[in-house]
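Peer 1: Letter by letter, the chains look like this.
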Amino acid sequence: MSGHEYKIIFTGTMGAGKTTAIAALSEIPPVSTDVPNSDLGAFQKATTTAAFDYGELTLDGGNRLRLYGTPGQERFRFMWSILARGALGVIVLVDNSRPDPLADLGIYIDNFADVVATGCLTIAVGRLDTHPDPSLDVYYEWLLARDLAIPVLAADVRRRDDVLVLVDTLFSLIEAKVIAAEEADAMAPGAAVGD
Amino acid sequence: MHASLITMADDRYNIALVGLRYHDRTLLRSLFRVIDGRTPQQWVVDPEAPAHVVIGDTTSPEMQGVPRPPKGPIVINMAANGRTDGADELRLARPIRVNDLVHVLALVGGRLASGATGMFRSNAGGAAPVTVREGELSGTLDSVLRTIVKRTDNNCYRITGDLPVLLVWPAEGRFATPLDNISLSRALAGTGQVHGEALGRDGPGWTLQPGSVRSLRDLLWLAGLHAADAPARFPAGSATRYRLTSWDILLAAPEGRSFISAGAHLQRNALTLDDLALRSGLPQRRLVALLSACELCGCLGVTHDASEMRAARRAATPKREHGVLGILRRIRERLGIEQS
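In order, the protein sequence lines correspond to chains A and B. Sequential numbering of the first sequence, starting at 70, is according to this note's numbering. Sequential numbering of the second sequence, starting at 96, is according to this note's numbering.
If you are wondering where the hints come from, they were derived from the structure by calculation, not from laboratory data. Just so it is clear, the structure is predicted and the values come from calculations on it, not from any experiment. Some hints could be false.
What the hints assert, rightly or not - A few chain A residues that face chain B, going by a derived Cβ cut-off under 7 angstroms, partial list only:
no.: 1; residue: Tyr75
no.: 2; residue: Leu134
no.: 3; residue: Leu171
no.: 4; residue: Glu210
no.: 5; residue: Leu217
no.: 6; residue: Leu233
no.: 7; residue: Thr238
no.: 8; residue: Phe240
no.: 9; residue: Ser241
no.: 10; residue: Ala245
no.: 11; residue: Val247
no.: 12; residue: Ala249
From the three backbone atoms N, C-alpha and C, an ideal C-beta is built for every residue, glycine too.
Working from the sequences, and respecting the hints, build out all of it.
Peer 2: Here's what the structure looks like:
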């Protein structure tokens, strides 16, 4: 296999740290399509991403990992599913300093329902140090109430190690999915048994 | 607090949350927003307004002052110990599930529509009192921990925030609590109650770095990892299959990070111990510790389905060098991520 492209998506509300997370992984400076923030009432940030952030990592054999950050403002929601199409997985960044971070999470869980169904989604909660409520326990119970078992991690995306743990967790979910699919194929009628 | 008769004027009802743990309250507030539109009525939590409905732990002291219908509000019981107010009692079980909540609120809606009922005004209460006897604590988990703070601050433990987080700084770097006893830990996980000797300093313990912060569930997790009877409870070759039902402790405990890959496999499919070892590449000894810890923390589902086990035994060894698996391995290498 050569020259294949893979992508993972970072999504979350405005200011949750999508651009920062991509910068921690990308071998090129993230390409950001920032514009003046027209929603200063909701978030004190001079600029925000209008289309998407982009970073990349080249691999041997011409393969490439593309890193996309979705626009945070809900009025760009139509782009989320477009960007997520064909993605390996999605990392949702939740800003715990916002008024109702669980409601924020609900928006992303609903809008990325197709990805949620594949099991390749990880949730990162930021600013827990300064805004400990709701706690991770509450997030897990919120997910359990919806019959969802999704990994939730506390993460400060300014720390590269935190971003790497998020990626490691997402990759583990993807690997489990791929292996389960391979084994299902191997067990299908007519398939050869074992290697 | 007072009770008074009212007549329903519209379909918007106020709910009081009484005698519940902090995160039950937070979760319920969020779920009322989630279910908005799924019941004919609208439910709100406004502590300043009289409540038509009380959701509470009927065994808690705060609930003792809540009158019952017809003078009082409709009560939904969330007590964990199975004690009931009678055959007509409305209950909501933990863990709270959206469908259960919608169902019980539908029943409440029917009762509210059927006639007059009372209301309840709460003066936001503090933590439940703790029963303290010589060398023993008894009460809800939160209240026991709060008491531990008062009794031992600057000595051995301190609680931070609303979570049961213990800061451990014994001079000798040694840790000892009621959780040293694994059977006690298991009882604690099941009931949310603490009964037993408190703050025993001489029992067996885990050696922790002075100053390390560990949550109560971390300690349960550690107890599971070190459970002496784990190999007997999770034997190799068994048809029993396991599934991860929640990631919380696996990602919260420092020792859990090395099990992320195994956790991902356990989340996707219910697996036998042998299948899990095959997929994760981890030795069975470590996986037994993982299953034991997850069980103790209440995040392990167990099924016994021999037919699926037979099917799984035919599974091929993962081909990690090809396709997406190979790509992910190379990305990990590029980023310096060690396979978990």
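Peer 1: Taking the hints in turn, state whether each one holds.
Peer 2: Hints and how they fare:
1. Tyr75: Holds, because the Cβ-Cβ distance from Tyr75 of chain A to chain B comes to roughly 6 angstroms (cut-off 7 angstroms).
2. Leu134: 6 angstroms, holds
3. Leu171: Holds - the Cβ of Leu171 of chain A comes within 7 angstroms of chain B, reaching about 4 angstroms at its closest.
4. Glu210: 5 angstroms, holds
5. Leu217: 9 angstroms, violated
6. Leu233: Interface hint status for Leu233 of chain A: holds (5 angstroms vs cutoff 7 angstroms).
7. Thr238: Thr238 of chain A check passes; min Cβ-Cβ to chain B is 5 angstroms, inside 7 angstroms.
8. Phe240: 5 angstroms, holds
9. Ser241: 4 angstroms, holds
10. Ala245: 4 angstroms, holds
11. Val247: This hint holds: Val247 of chain A lies near chain B, its Cβ roughly 5 angstroms from the closest one there, short of 7 angstroms.
12. Ala249: 5 angstroms, holds
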